[in-house]
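Peer 1: One letter stands for each residue in the lines below.
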Amino acid sequence: MINWRSTWSIYTRELMRAMRTAFQSIIAPVLTTSLYFIVFGAAIGARMPDIAGVDYAAFIIPGLLMLTLLGETTSNASFGIYMPRFTGTIYELLSAPVGVAETLVGFVGAAATKSLILAAIILLTARLFVEYQIAHPFLAVIYIMLVAASFALFGFILGIWADNFEKLGIIPMLFLTPLTFLGGTFYSIDMLPKPWDTIALANPIVYLVSGLRWTFYGTADVDFGLSLGITLGFLAVCTVIIAYIFKTGWRLRA
Amino acid sequence: MSEPILELVGLSKTYPGGLKALDNVDLTIRKGEIFALLGPNGAGKTTLIGAVCGIVRPSDGTMRAFGHDMATDWRAARARIGLVPQELSTDMFEPVSRAVAYSRGLFGLAPDPARIEEILRSLSLWDKRDTRIMALSGGMKRRVLIAKALAHEPDLLFLDEPTAGVDVELRKDMWRQIGAMRERGVTVILTTHYIEEAEEMADRVGIINGGKLLMVDDKAAMMKRLGRTEAHISLAQPLTELPASIAHFPVELEEAGTSLCYRGGDGTGKGKGEVADLTKALIAAEVDYTGIEVRESTLEDIFVSLLGEGEGAA
Numbered sequence: 001m002i003n004w005r006s007t008w009s010i011y012t013r014e015l016m017r018a019m020r021t022a023f024q025s026i027i028a029p030v031l032t033t034s035l036y037f038i039v040f041g042a043a044i045g046a047r048m049p050d051i052a053g054v055d056y057a058a059f060i061i062p063g064l065l066m067l068t069l070l071g072e073t074t075s076n077a078s079f080g081i082y083m084p085r086f087t088g089t090i091y092e093l094l095s096a097p098v099g100v101a102e103t104l105v106g107f108v109g110a111a112a113t114k115s116l117i118l119a120a121i122i123l124l125t126a127r128l129f130v131e132y133q134i135a136h137p138f139l140a141v142i143y144i145m146l147v148a149a150s151f152a153l154f155g156f157i158l159g160i161w162a163d164n165f166e167k168l169g170i171i172p173m174l175f176l177t178p179l180t181f182l183g184g185t186f187y188s189i190d191m192l193p194k195p196w197d198t199i200a201l202a203n204p205i206v207y208l209v210s211g212l213r214w215t216f217y218g219t220a221d222v223d224f225g226l227s228l229g230i231t232l233g234f235l236a237v238c239t240v241i242i243a244y245i246f247k248t249g250w251r252l253r254a
Numbered sequence: 001m002s003e004p005i006l007e008l009v010g011l012s013k014t015y016p017g018g019l020k021a022l023d024n025v026d027l028t029i030r031k032g033e034i035f036a037l038l039g040p041n042g043a044g045k046t047t048l049i050g051a052v053c054g055i056v057r058p059s060d061g062t063m064r065a066f067g068h069d070m071a072t073d074w075r076a077a078r079a080r081i082g083l084v085p086q087e088l089s090t091d092m093f094e095p096v097s098r099a100v101a102y103s104r105g106l107f108g109l110a111p112d113p114a115r116i117e118e119i120l121r122s123l124s125l126w127d128k129r130d131t132r133i134m135a136l137s138g139g140m141k142r143r144v145l146i147a148k149a150l151a152h153e154p155d156l157l158f159l160d161e162p163t164a165g166v167d168v169e170l171r172k173d174m175w176r177q178i179g180a181m182r183e184r185g186v187t188v189i190l191t192t193h194y195i196e197e198a199e200e201m202a203d204r205v206g207i208i209n210g211g212k213l214l215m216v217d218d219k220a221a222m223m224k225r226l227g228r229t230e231a232h233i234s235l236a237q238p239l240t241e242l243p244a245s246i247a248h249f250p251v252e253l254e255e256a257g258t259s260l261c262y263r264g265g266d267g268t269g270k271g272k273g274e275v276a277d278l279t280k281a282l283i284a285a286e287v288d289y290t291g292i293e294v295r296e297s298t299l300e301d302i303f304v305s306l307l308g309e310g311e312g313a314a
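Quick mapping for you: the protein sequence lines, in order, are chains A and B. Just so you know, we're using full-length UniProt numbering here: the first sequence kicks off at 1 and counts up by one. Just so you know, we're using full-length UniProt numbering here: the second sequence kicks off at 1 and counts up by one.
The hints are simulated quantities; they were obtained by calculation from the structure and are not laboratory data. In this text the structure is predicted, and so the values were computed from the model without any measurement. Glycine included, C-beta positions come from ideal geometry on N, C-alpha and C. Hints may contain errors.
Claimed, not checked - Residues on chain B that point at chain A, a partial pick, calculated with CB under 8 Å:
1) Asp91
2) Phe93
3) Ser103
4) Gly105
5) Leu109
6) Pro113
7) Met215
Next up, chain B with everything else stripped away, as it sits in the complex (with noise of 0.2 Å):
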């Protein structure tokens, strides 16, 4: 296991008027790995970003990054952090290269021209370098927001809603560059309610709502635990019981017996094989069917179940 670059334990924000933002909130980050924070609007997930960058003031816990405790050794921590915020929040009157060299300036280095280019040719904005960030695409923006956070060469990029409000190609090519970073070495904590983000990228996956983290694990991990297979097999006949060659299978009669329903497996294909086993009991107990549907369940599934006992919960 790779060492942790950050840890946050007991991390709490309560806002003035008493909104709880963060509860007790204890995660781990691994270095050169992708974590992406799941979570619907109002979870949390920004406040998590802002207390680890210095926006927000944490209430209560603690935070080391990179071995430096984040309170009191702030400057050294902070220095090998970087973040792209979810709104496109810069000078937009200014030139995109200046923009990079300057943020690579405000973290302290030196100017290098030669790292500049290289940054803004990675992301396409080479040829745009001279252009004023307000007369870029709102892709184009989200780019140099990109290339702003990487100017000081940052270990750790934080990404909030990296593809939020975006179309479908950019967000893939956002995927990219997202995979790129991961290349060189870069680790990546990004955040969005977006599942199908979570599930092309990350290599972990954890799941907050109403500030608190519901579940931290690896995404394969998760899948196998609570990954399901469903399928729905139209009987020819009616059944009023199911055949006792069939019964020790997870299934059950569904629509008046016209529907012999198999809920099981773990997310890793195990489902599909006993779905198939099933199907040959079946027809070895004379049991005639007209259709078959099998699904295997989703991150979104998983996430959608885990929000709901929360609710429950709460």
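So here's chain A without its partners, still in its complex pose (with noise of 0.2 Å):
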């Protein structure tokens, strides 16, 4: 059975550490979509045509915020766990009397938690730039609630697999940010010329934004319900990996 009071302690202390860092964890991702806002949605956007009956700078916001979601959330989520194991502090975490349950809801939770603030704010600030409605509110807090769940694994994940910096940062560098710009952030997969529009349809992040967008306007590049189904079924991967790694203590126990 879950104890909610070893969980409890982990979430408020990696929320705290969070505050700490609040420049790195809030401020400069704030700041640099708010810059993707000036330059694409004001700037370049006021030139551009609507796609799909959405005007550029509003369109853009749903890509915009999954490229912050996915980078921070893993990144959070990630160095959530490799910093005890890099500084030795895991130890606490190893011989308390907590198991996959707690130590899951509590890192993971903290990390999407973030993620769900900076959303809020990110989106506030896109307030400032562009008019826009959300078409479907409930769904899109709950999608990005999904997608920020499903990502927290996935840092957590990679925090467990790294063992040096460079291999934290080399996911979200090399394949997360590309995917996610190449995935729709900036655009519709329908004004890519052929064959591009059929391939990046292997590119899972194209399933993420256009989910993302459908809950904003109602209109997407694929149909939602498989979006939903590809951001349930890679939370499910997450799930069991890390299942498999406290099962059998990889990288975690000696």
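Build the complex: two chains, separate frames, hints provided.
Peer 2: Below, the structure is given as structure tokens:
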């Protein structure tokens, strides 16, 4: 049975760690996203035609949100577990009567919470630059939470897999960011020439961006059900991998 | 004899790559004792602690703590065990009191500011409660680790090299702290390669080397069984052979007959009495001497001797 006091301790401590590094955790991504809005939304967006009936500046909001969400959630979760491994403080977690449930809900929950706070701030920031309406606000929140939880789990796996700082940064830098840029953040897949529009569908981030865009504007490159299914599938795969890690103690216990 | 609270049977650990860090270790720890695990670097001390505390996965053997099988009922067992690691591993940016409160919460206990205050005061950390750990001295940081380990009020506390790299004054202060823990009913298992530490504090001593537990015994019994008195008597005139009246003593001539060496006793002082009798016998036999040097063997001598035997047998 899950020990909620242990879980709460891990969760609050991780959130406090984020507050300690507020500039890196919150202000820096908000600043970066604001720059995207200024450049692609206000400056370039003003000269761009509407896409699927959505103003270009508003069109890029879900993509930019996803760009920040994926990067920050993965980084937060991976650092959250990598740093105790790196500094040796993980001994305390391993020697405590806590298992996979407490650890996951604590670390991954805190990483996901930080991302949700960040998402809310980014959406409020976007309001300063762009007028937009969210067609399905409840679904948007649920979907953002699902994506945040999935990539927090993914980041957790990354933080356990990495045995140096280079490895910790390599996946977000070399895979996540490029795939998000190419996943329809700034354009619709329909705008790509053939065969790139078909090849782009092999990029899993396309489904995430598209899913979030559908909750915002009711229009997307792929069916929302497919986006939701892929997100849930990714969540399930990450959960199974983490369960295996805890069962075998891989890279956690000597 | 107190009830056993930790029982290790056939505990082994082989790391990937083949290093056998623990080799079929059997050990029982009794409630309320201070047990010192002695061994050189790489002997397997930290691996043994890691196995009990869940940091190292044993390759073989069973572990029971407080009657709980640690393979299946690990939550109940770990809830009563505390660990102070060898390295100063903690979040250096956290204030002291928050770090200690976190440790208590991590073990599933409700916040208890009064208990945290008591622990911090007992370790002379109360004045530093709002100080970031990174701003503390090395000795204070080590106390913070002890406070964190005590936050969930463990019944069994592991101290892995608690005084490694600290100065003499702090080491003695640490010994006082460990004594105070025992007063509170905490069973303490400490690893050390400072023999004097074990001599000073331990009720029982275990000697480990190469992953094998070479010996476990009460410190006093170990001294009695393996301890010796060694006396060197400088003779005024060299002897070619021992006088018949002292032949029954465990003595032999050394340094071309100019020195008489006694090796005997049992580590309890019996040897000193025999040396006194020997000197009387020498006087009676009209053997003059110019000096006597008597030395009781220490735990360190026993330790070195056991390790030597172990290596010799290997």
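Peer 1: Next, verify each hint and record whether it holds.
Peer 2: Results of checking the hints against the structure:
Taken as an interface hint, aspartate 91 (chain B) checks out: its beta carbon lies about 6 Å from the nearest beta carbon of chain A, inside 8 Å. The interface hint given for phenylalanine 93 (chain B) holds, since its Cβ lies 6 Å from the closest Cβ of chain A, which is under the 8 Å cut-off. Annotation: serine 103 (chain B) was flagged as interfacial toward chain A, and the flag holds, the nearest CB pair being 7 Å apart, inside 8 Å. A hinted interface residue such as glycine 105 (chain B) counts as satisfied when its beta carbon comes closer than 8 Å to some beta carbon of chain A; here the least separation is about 3 Å, so the hint holds.
About 7 Å separates the beta-carbon of leucine 109 (chain B) from the nearest beta-carbon of chain A, less than 8 Å, and the hint is met. Evaluation of the proline 113 (chain B) hint against chain A yields a violated restraint, the C-beta minimum of about 15 Å exceeding 8 Å. Interface hint at methionine 215 (chain B): violated, since its Cβ lies 26 Å from the closest Cβ of chain A, which is beyond the 8 Å cut-off.
Of the numbered hints stated above, those contradicted by the structure are hints 6, 7, listed in ascending order.
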